[in-house]
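Chain order of the listed sequences is X and C. Numbering of the first sequence is given in the numbering used here, commencing with residue 1 and proceeding in unit increments. Numbering of the second sequence is given in the numbering used here, commencing with residue 1 and proceeding in unit increments.
Treat each hint with caution, since some may be false.
[Claimed, not checked] Calculated lysine to aspartate or glutamate pairs in the EDC-like style (CA-CA distance at most 16 Å, straight line):
1) Lys200/X x Asp16/C
2) Lys199/X x Asp16/C
3) Lys157/X x Glu142/X
4) Lys99/X x Glu142/X
5) Lys99/X x Glu57/X
6) Lys99/X x Asp79/X
7) Lys200/X x Glu12/C
8) Lys199/X x Glu174/X
9) Lys187/X x Glu141/X
10) Lys72/X x Asp29/X
11) Lys199/X x Glu12/C
Derived by calculation from the structure, the hints in this document are not laboratory data.
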Amino acid sequence: MDQSTDCVTGTEPSAATDLDLVRLAQAGDVDAFGELVERNRRAVFRAALACVRSPAEADDVAQEAFVTAYRKLGTFRGDAQFRTWLLSITWRKAIDRRKSISRWLRLAATPSRSETGEDSFDQMERVATSNRSQEDTFVDEELQQNVTRLIGTLPRKLRDALLLAGTGEHTYEEIGHILGAPLGTVKWRVSEARRVLKKKLAALGYAYE
Amino acid sequence: MNNEFSWSAAREARLDRAIDRAVREMVQVDPPPGLRRRVLSRLNDSGNRRAHLLPRFAFAAAALVVVLLSATQLWYRSDAPMPPKPLDMAKMLVPVAIESPPAPIEFTVPDAPPRQITKERIRMPRVTNVFGNRHNGVSAATVDVGSREIVVPPLTIVPLSARPIVVTPLMIPSPSKGGQ
Chain X
1 MDQSTDCVTG TEPSAATDLD LVRLAQAGDV DAFGELVERN RRAVFRAALA CVRSPAEADD
61 VAQEAFVTAY RKLGTFRGDA QFRTWLLSIT WRKAIDRRKS ISRWLRLAAT PSRSETGEDS
121 FDQMERVATS NRSQEDTFVD EELQQNVTRL IGTLPRKLRD ALLLAGTGEH TYEEIGHILG
181 APLGTVKWRV SEARRVLKKK LAALGYAYE
Chain C
1 MNNEFSWSAA REARLDRAID RAVREMVQVD PPPGLRRRVL SRLNDSGNRR AHLLPRFAFA
61 AAALVVVLLS ATQLWYRSDA PMPPKPLDMA KMLVPVAIES PPAPIEFTVP DAPPRQITKE
121 RIRMPRVTNV FGNRHNGVSA ATVDVGSREI VVPPLTIVPL SARPIVVTPL MIPSPSKGGQ
């Protein structure tokens, strides 16, 4: 490892920009790429999670995305931000995973959480530890479960935008780049997703006018 | 009215909070520790695996090329007849002793004329009578050849792309005494 690499990856890892690290990684410095992984791991993982909605699968997707990015580093010219480029790769990998037949088979074979009784146990535990009145907490928990379930019934375009916006890691511009949609469209999708959710909740008896 | 409005706003705010919380719980999850280590180890593994697989792939590709070439050779050898060389065809002609031997046929490959593209209209010659003019000539049956045998030179038909068809010499016996 040469002196410049030591400087970037060893003593002052945060001083170098992403582009500097990319240039080093393009020259074959794996440690520099490791630093890029460290900087972007949360954004990549959460983007993958927004798509596949399973932490284990999101971890797989994140690894695949980083490996693919490393192999394609030669094609990165620095026109866009490395992070945006990486998130695009991640999203494509996650979409591939979401569409894969093996995943559907695995999900069909796995019993749902309600069948295993995990939800009711977690719910009782949360109720017991809450400071609020038990009735209020129970109603909130039920509402929460319904919201989570209804998010799963949203159209994919609306759900993807809503979940990506909810990660707290991505700006609307980044989401637009990931989804290949204009900024205004992304904002509309998020707003529409919330509106549809509230409408469905109202149909379930949760008052909304 | 203010109370109704505030109640409605409060209910909507409650739903908004529920949505925000649900989304947060779904996606605001930190990756499992050691992602960097796993990625780097996968990079190393894939590099090593590629190094191991390269000779195998090369060998398999070479074997496949050999098999394909062999199959292609066999296919063309059995299927497509090769046109005979002009020299071989000349050897196949059997010289026949006749009174006036015809000039030997020489098979030569004419030089291909240079291709020219013209836009001028080429008129085909107009054919009026394909059978020629009628005349009172004699036919071969009326020719008196005496007692000699007529030996016809072998007929060789050279097709365009196939092997030559050689017809054996036709032997015509001399006419009998009573015949004409």
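Status of each hint after checking the structure:
1. Lys200/X x Asp16/C: holds (13 Å)
2. Lys199/X x Asp16/C: holds (12 Å)
3. Lys157/X x Glu142/X: violated (26 Å)
4. Lys99/X x Glu142/X: Between Lys99/X and Glu142/X the Cα gap is close to 30 Å, so the pair fails against 16 Å, i.e. violated.
5. Lys99/X x Glu57/X: holds (13 Å)
6. Lys99/X x Asp79/X: The given pair, whose Cα atoms are some 30 Å apart, is violated under the 16 Å limit.
7. Lys200/X x Glu12/C: At roughly 13 Å apart (the allowed maximum being 16 Å), Glu12/C and Lys200/X satisfy the hint.
8. Lys199/X x Glu174/X: Answer violated: Lys199/X to Glu174/X is near 28 Å, above 16 Å.
9. Lys187/X x Glu141/X: violated (28 Å)
10. Lys72/X x Asp29/X: holds (14 Å)
11. Lys199/X x Glu12/C: holds (11 Å)
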